[in-house]
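2 protein chains.
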Amino acid sequence: MPSDSADEFEVIRALFAPHARAAGARALADDAAVIEAGGPLVVTTDAIVEGVHFMPDDPIATVAMKALRVNVSDLIGKGAQPGAALLTLIWPRSRPAREIQAFADAFTGDLAFFGMNLLGGDTASTDGPLTVSVTAFGAPLGERTPSRADAQVGDDVWLIGGEIGSAWLGHQLRSGAVKLEEIRRGRDEAAARAEAEAMAGQIPDYLILPGEQLDTEAAWLMSTYLAPFVRPECAAFVARFAHASMDVSDGLVADAMKLAAASGVALRIEASAIPFSIPAERWAFSGGDFRKLVTGGDDYVVLFTASPERRGEIEAAEGAGALRLSRIGRVEAGQGVELVDRQGHPIPIPDPGFVHKLGR
Amino acid sequence: MPSDSADEFEVIRALFAPHARAAGARALADDAAVIEAGGPLVVTTDAIVEGVHFMPDDPIATVAMKALRVNVSDLIGKGAQPGAALLTLIWPRSRPAREIQAFADAFTGDLAFFGMNLLGGDTASTDGPLTVSVTAFGAPLGERTPSRADAQVGDDVWLIGGEIGSAWLGHQLRSGAVKLEEIRRGRDEAAARAEAEAMAGQIPDYLILPGEQLDTEAAWLMSTYLAPFVRPECAAFVARFAHASMDVSDGLVADAMKLAAASGVALRIEASAIPFSIPAERWAFSGGDFRKLVTGGDDYVVLFTASPERRGEIEAAEGAGALRLSRIGRVEAGQGVELVDRQGHPIPIPDPGFVHKLGR
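Each protein sequence line maps, in turn, to chains A and B.
Numbering of the first sequence is given in my numbering, commencing with residue 1 and proceeding in unit increments.
Numbering of the second sequence is given in my numbering, commencing with residue 361 and proceeding in unit increments.
It is worth saying that the hints were derived from the structure and are not from the lab.
If a hint is listed, it holds; no wrong ones were tucked in.
Pair by pair, the computed Cβ-Cβ distance ranges are:
1) B/Q512 - A/I208: 54 to 60 Å
2) B/P708 - A/I208: 56 to 62 Å
3) B/R458 - A/I208: 45 to 51 Å
4) B/P706 - A/G51: 45 to 51 Å
5) A/A97 - B/A462: 35 to 41 Å
6) B/E396 - A/E233: 22 to 28 Å
7) A/G51 - B/R545: 48 to 54 Å
Facing chain A, from chain B, some residues (calculated, C-beta under 7 Å):
8) R386
9) T405
10) A407
11) A484
12) T491
Stretch by stretch, here's where chain B covers chain A in the computed footprint (C-beta under 8 Å, at least three residues):
13) 40-48
14) 114-125
15) 129-137
16) 142-149
For glycine and all other residues, C-beta sits at the position ideal for the given N, C-alpha and C.
Working from the sequences, and respecting the hints, build out all of it.
Structural data, given as structure tokens:
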């Protein structure tokens, strides 16, 4: 029973090789790559599995983008500039081979967008679900690489890079668990229709719900679920200002709990300061349970803590506000995460996040 | 739908953290690791999939070892000292959770054996097959890292690190496609029985075929299939002597063809010089098709080319012969691989190796 790694990678080498220009990548034609590292490298690996991290009917292009971006998100959360990636593609025998081209186009397009090189990889066939494992490398932008464990009592707690809950809500819309009218309640329908008409042709078909006209808000929410909109510009903030830092992927509350536990501190988060999208707020204020937004996951934004003395610098650095910078709370002595309302009253969170279990 | 990466890795963090002592590994409690690289790093990634690279009833301990060793083999083939690894474990929901402990014990035991650190990883659940993806890092022992493309006309062709065909034959024995009596023909049964008695208790139960008494030859063949016996000492030979070099994983002929193609040369290989195990030779000389041995794969030895001027140095460097160093042929102008018998006559190889196809 031979390894089927090397030959299968040759199947897609032709698709990927034009994007493997780094000398160390050896045009993907060798068994290993060489990284010429002149200093510290940040390295991370994350896999996505069909049926777990994406659905079988998600577009293959966004699956490719998600596989890379969840790793880029980890690099950003550590204040590193994305540099290179390895790709392992476990392809189901039942999935059409022609989708590999679309996967490769999307993956290499995203690599180019982030200025990254493909160093190499592996492929195999499976009778199980499509599985994409990526290892990503980045160069730290700062002198230190902040960990989860570096929060200090008195720090501000910040989010940067996007909205909380949008991806979760987009997934609910796509799966039909949340109906379109639930995010439409109370909005200006004429303005929404005009916006949709102006955007017609620019929104991919897979973002239009069956039996519905184009809805730009729904399209935005679903697109953040399908392929998170990660912002490498945030890495500079992390490198310059962060004590502790991590990306938010498993739900804001669950990830804040991890940061608090690793740092040996408590995080007090003001619910009203959390950045939600307009449709998510509308949904939460008209009957939706906002706690789902802060526990749903797939946000891929950065959670960091920084000295309050740097508050002015941090706000000035964001400038026009394109990075959705939000100061959402503070680090206190103690443990755990407390979510509070405008009056400072605790908001109970029955299920702080995804509970995981391996095997039976 | 949240990512389930971080929390699940916490499930096994307790099992792996004692083995993640490198400062950059951050005790596996962070989203990324930091590698302090002072120079070039060799990096490789290989995944193994249940039903493709290993069988569902293979022991979970050898699955863990194979996952690491196929990557270590790539590093050795590039002349690099194994240094560190990332582990991505995609665990079937249907597989008992208690096997995770055995997996972790075997994986960390092998890491320690090779002097490697675990830098981090990812885990997820799947409804599909167990899938283990490893990324491994090594430090080049030489000034250059030989690629497949560096063979020169006139070079000797060498194998080092083990036998060809033993893993294939072991898999055939385990699956029942080859019967035990086929490797026993003509051997000294009294000596074999005495050896088996002397080894009793040292051979794991899973290496004893159903309904058979312990057979040390069969156990050896099966063990090389279950977890390849890779030899980091070979990396020094590659670093010191190799022009072109790669590990042999997909079958000797198929991998030699890749090296020939990448280098733009032909490889002439003498069948009688190929290192087979004693039972594999006995099987081939008593009715087995020896061409299966050179195309079967899973050998995980090193194929390299070197100047004939260094022949004496290379042979002297091996010393007592523990690394199974074999000079098997030479590099010629032309293309492809020619396998020849003792008289120099070509031996046709109908199927040079595993044919791969992704998707339907």
